[in-house]
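There are 8 protein chains.
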Amino acid sequence: MSERRWNVYLSGEIHSDWRERIQSGVAAAGLPVDLTAPVTIHEDSDDCGVAIFGAEADKFWHDRKGAQLNAMRTQTLIREADLLVVRFGEKYKQWNAAFDAGFAAAIGTPYITLHPEQHDHALKEVDGGANAVARQPEQVVAALAYIINGSMPTGLAQVQAAE
Amino acid sequence: MSERRWNVYLSGEIHSDWRERIQSGVAAAGLPVDLTAPVTIHEDSDDCGVAIFGAEADKFWHDRKGAQLNAMRTQTLIREADLLVVRFGEKYKQWNAAFDAGFAAAIGTPYITLHPEQHDHALKEVDGGANAVARQPEQVVAALAYIINGSMPTGLAQVQAAE
Amino acid sequence: MSERRWNVYLSGEIHSDWRERIQSGVAAAGLPVDLTAPVTIHEDSDDCGVAIFGAEADKFWHDRKGAQLNAMRTQTLIREADLLVVRFGEKYKQWNAAFDAGFAAAIGTPYITLHPEQHDHALKEVDGGANAVARQPEQVVAALAYIINGSMPTGLAQVQAAE
Amino acid sequence: MSERRWNVYLSGEIHSDWRERIQSGVAAAGLPVDLTAPVTIHEDSDDCGVAIFGAEADKFWHDRKGAQLNAMRTQTLIREADLLVVRFGEKYKQWNAAFDAGFAAAIGTPYITLHPEQHDHALKEVDGGANAVARQPEQVVAALAYIINGSMPTGLAQVQAAE
Amino acid sequence: MSERRWNVYLSGEIHSDWRERIQSGVAAAGLPVDLTAPVTIHEDSDDCGVAIFGAEADKFWHDRKGAQLNAMRTQTLIREADLLVVRFGEKYKQWNAAFDAGFAAAIGTPYITLHPEQHDHALKEVDGGANAVARQPEQVVAALAYIINGSMPTGLAQVQAAE
Amino acid sequence: MSERRWNVYLSGEIHSDWRERIQSGVAAAGLPVDLTAPVTIHEDSDDCGVAIFGAEADKFWHDRKGAQLNAMRTQTLIREADLLVVRFGEKYKQWNAAFDAGFAAAIGTPYITLHPEQHDHALKEVDGGANAVARQPEQVVAALAYIINGSMPTGLAQVQAAE
Amino acid sequence: MSERRWNVYLSGEIHSDWRERIQSGVAAAGLPVDLTAPVTIHEDSDDCGVAIFGAEADKFWHDRKGAQLNAMRTQTLIREADLLVVRFGEKYKQWNAAFDAGFAAAIGTPYITLHPEQHDHALKEVDGGANAVARQPEQVVAALAYIINGSMPTGLAQVQAAE
Amino acid sequence: MSERRWNVYLSGEIHSDWRERIQSGVAAAGLPVDLTAPVTIHEDSDDCGVAIFGAEADKFWHDRKGAQLNAMRTQTLIREADLLVVRFGEKYKQWNAAFDAGFAAAIGTPYITLHPEQHDHALKEVDGGANAVARQPEQVVAALAYIINGSMPTGLAQVQAAE
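Residue numbers (this note's numbering), protein chains in the order written: chain A, 464 to 626; chain B, 464 to 626; chain C, 464 to 626; chain D, 464 to 626; chain E, 464 to 626; chain F, 464 to 626; chain G, 464 to 626; chain H, 464 to 626.
Everything labelled a hint here was simulated from the structure, so no lab data went into it.
Backbone N, C-alpha and C define an ideal beta-carbon position, used for all residues, glycine too.
Check each hint, because a few of them may be wrong.
Below, computed lysine-lysine pairings styled on DSS-like, alpha-carbon distance capped at 27 Å [stated by the list, open to error]:
id : chain 1 : residue 1 : chain 2 : residue 2
1  : G       : K556      : A       : K522
2  : F       : K522      : E       : K522
3  : G       : K554      : G       : K522
The following label-pair restraints were derived from C-beta to C-beta distances [claimed, not checked]:
id : chain 1 : residue 1 : chain 2 : residue 2 : range
4  : H       : A491      : E       : D507      : 18 to 24 Å
5  : F       : S614      : D       : S614      : 52 to 58 Å
6  : D       : E580      : E       : T503      : 55 to 61 Å
7  : E       : H584      : D       : H584      : 45 to 51 Å
8  : F       : G571      : B       : A518      : 38 to 44 Å
9  : C       : R542      : D       : K522      : 29 to 35 Å
10 : H       : E466      : E       : D507      : 19 to 25 Å
11 : D       : E543      : A       : K554      : 44 to 50 Å
12 : G       : S479      : B       : F523      : 35 to 41 Å
13 : H       : E553      : G       : S614      : 28 to 34 Å
14 : E       : R542      : C       : R542      : 15 to 21 Å
Okay, chain A solo, but in the shape it has when bound (with noise of 0.2 Å):
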């Protein structure tokens, strides 16, 4: 009955395409939903803090002063999201991706896990604090649809086939 958007934040691995499936997917299904997300240029995400402060001849010092710029970002933008999924790829350890989800789960925010079944035993304690676990990106396009309007989907079951 209400006219709300949703803001969902879209965390971890930034190797594969499946932000654009989400967000391709809310476009085609017109849903009301802001999608947020870290800086996903890898290279952007290692370098801004020197970039913008000051070289330093330490790798360690380096890389913290790029987390901790990301993480002004990421942190107020997970703080006001309604919803998280939280994406673990295939091959890298993606342990950002976990902390996003403990963070969540500590001040009471749901999330949806985005995971081959491969992971499912490594992931067992994070995916236990979410509310679901999708394997595709058209899953949680899916689950918006019905979070949001109720609707529930169509031609999905070809979807999970095809997996």
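Model the placement of chains B, C, D, E, F, G and H on the given structure of chain A, informed by the hints.
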């Protein structure tokens, strides 16, 4: 003196037209109220989880998937409501309505219960935390008109007499 | 530098024109202020509960129904106010004004008290938690102009002299 | 590694011996647990308010006085519990148990539900917010032993088989 | 089942023996209650600020220094209380008692008001936020005995009759 | 992906043009930023309290009245900021800037300090809680551009070289 | 000057003896520290849920039951810790350790990470929210000795050299 | 009436004997007070980070490591204090003292400032948030005696005269 909109969440029973009566009453009175609610189509609310995230052999987990998906909608809307109306109908147990009332009490959001007198004793703790106990949806509308505009009711006596 | 609107709740005495004087002062100064207040028609504020939810034989419960209905308005508006003005008039006890001041203090919302000097000693704890003590509504308007725009008062000396 | 005591609140049904079974199980296992609960003598819990603060002609207010007196006990104990057990018995509506579960969920305190399978569907939202669903009080004791000491259950299989 | 101690803050009127009656009642009943209170010697409570931090020419600041020193005691004790008793006597305005009630309401701490019927209407908002309204200190003791031990009152009828 | 506006509070030194440099930098970059600040006219910030609420014989209370009036502006704006910039200039003690930084740290709002290297050691605790330490206002602008849009700096090297 | 005990939660890797080294270091130094941790027997932590609440055909729900049971222990202990140590070992993904770090960050509890340099880049966001990054458990003990007693390390240089 | 102990954190200047004077005053008066403080040995507080976690080539990061290690001590102790005393000495900038005051203000913990009159104007915002401004440590002891026991000062006049 203010033009703020009021956000009212309608929790509980989904088998009678009480939400529609509040909605049409609010519209008729021209109140600046946004009404929100859980998904009220019973089967969708039961099956949404498996429809989106995949079937479950066990009914317990079928229900769990649905409940946790629904919770992303309901808890977000409850957290941002100014006020809840919590409806207990004549037949069903509606434990989730009582759950929502407890949730609202804990975060300091006021609520009005709406139920027939037959439940008064069984609901005494839930009513004890409420700011009002209504018998008819029209009383809720009258309460909103007073809360928002300070308008005193006019034709309500008849409504009450008709109970 | 900002264009934010300020939300100011006017708590307390309902027998003089202090709210109107603040409202016209705010309007004259063109301040971006939304004023909110309890229902200020005394009988309505007393009888609203029974008028909507049914008569009570016992005056105690008649009052209770009204008080809890009023609280849904007042506590919602107080919680979202940036600032409270808490007025104690010359005659009545206005315990509810002191209650609102304590409520504001507990949630970290600043308040200005507004009362004649004769109450200074009796109100010392309430004033002790206030950010300012005003004698005239025009001082509240001048304070808002300063808080919002940094404007220093011009004709206030006369107002103070006229007390 | 720690010697902390755990505070567990036992909410809900008062017509069977489930609290005693948890208490004797906890004692037998030597667990450092303080169990708290509402007043479980049904008539006292109904009549306490009027017995202390004076009789009421109207049953509705008779109940209200009792409920609000009970709430001073229950909400204080719930707020300081580490963990709740929320029991739904076979017959009664126990809306107050669901209310307590919602209260716990909102303040981030974990809870275990305890109920027969027949209620699984009706309780799916309440179970969806729980960290575990138990069928027998002995499972609650086993869970406490694991949570506190990391002890794995030994003779539980028999208990489960005996259900 | 627990041996917890209960922390009860006694706010308000300092001109009658109500605190002593609660204290002796609690002692007689052997209740595990720690009673706290503001400084109840009127002159000390007025003059403490200037006695310690230096004299003030202006009575307003003399009062302010005392009020803010007292607040370090009272707000610390109120914040850690499980329960408040808020007493309004027959003569004085006791705005600070109403302030404490509002403070308690805002932080979710339950309170019992204690006052003669003559104040019922003027205190309706303060009573509306209370979990009980008592007329005699002995009723407060009986309420504590029930809240803590589940003990129902025995000789209270006489007390009530004697009012 | 979002169009949110960012709210940035500029705390501290009022004797140089650093706020203007941030403001013009933000405007030049077209960033969706609302800048807020304390009243920066030194005499007004000192005298506002007595100008509005009446003169004080004692300079201590003259200052107190001003400080508490200013606090209604500053703490409201700080509480709603996404981010603070806290500036320490070369000469003054600016304890209020450090106070604002501590306030921000306690409520979990990130801040950037802005000060010359000469203060590095004295400010090590304040810097230790910051997400970045800037030397020039242009670095703050570059940080905002990165935080909001992910834009990497272009001409900043020159700015840094020019220090 | 105080005799408080410090509560330290040891999160993360369960395949090396780092917890024992901290524990023996703390004991040797006579520090008033209570160490807490998750259940560190790998199989028990995996199987506890089904062992107590009944077997699951599906590994996904087997894991879920265990994870949610473990969470009742871990989140309770994390919430009451003064400080966390979060350990990332050489081999495993330890997403739950990162989750705990995010949880701690969100509730304002400081944490020390403990990991080899090889993870520095991948952990930069997690380290960015930490108050210290340690390489050896003995450094954690030395940090605790300093935090609690202000004791500066003596023989640590050798430890560091021996890495 | 209670035997609670009071927890008082002593923040700020480390170059004079004010902490010792408070400590001996508290001991002489037999007050149930636990005093806490930062590490007050200047060099240790500067060098603790690098001594434990390894040397830094850059003084900025040397300081950062120390500051963040110190913060684990100070913020834990501040968060659990009932009351802070914040001391500004005659010479140094003590921005960290002002930071602690702001931190306390934000979490609602009262504080007393302790400084000579020469700083009154520069500290007006910090004093504006304080519950008292003391000139001598003995006044702090007298305030604690009053806050805790309601004891009025006896020989303080001489102390004040001797300033």
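Here is how each hint holds up against the structure:
no.	hint	verdict
1	G:K556 <-> A:K522	23 Å, holds
2	F:K522 <-> E:K522	16 Å, holds
3	G:K554 <-> G:K522	23 Å, holds
4	H:A491 <-> E:D507: 18 to 24 Å	21 Å, holds
5	F:S614 <-> D:S614: 52 to 58 Å	56 Å, holds
6	D:E580 <-> E:T503: 55 to 61 Å	58 Å, holds
7	E:H584 <-> D:H584: 45 to 51 Å	49 Å, holds
8	F:G571 <-> B:A518: 38 to 44 Å	42 Å, holds
9	C:R542 <-> D:K522: 29 to 35 Å	34 Å, holds
10	H:E466 <-> E:D507: 19 to 25 Å	21 Å, holds
11	D:E543 <-> A:K554: 44 to 50 Å	45 Å, holds
12	G:S479 <-> B:F523: 35 to 41 Å	38 Å, holds
13	H:E553 <-> G:S614: 28 to 34 Å	30 Å, holds
14	E:R542 <-> C:R542: 15 to 21 Å	19 Å, holds
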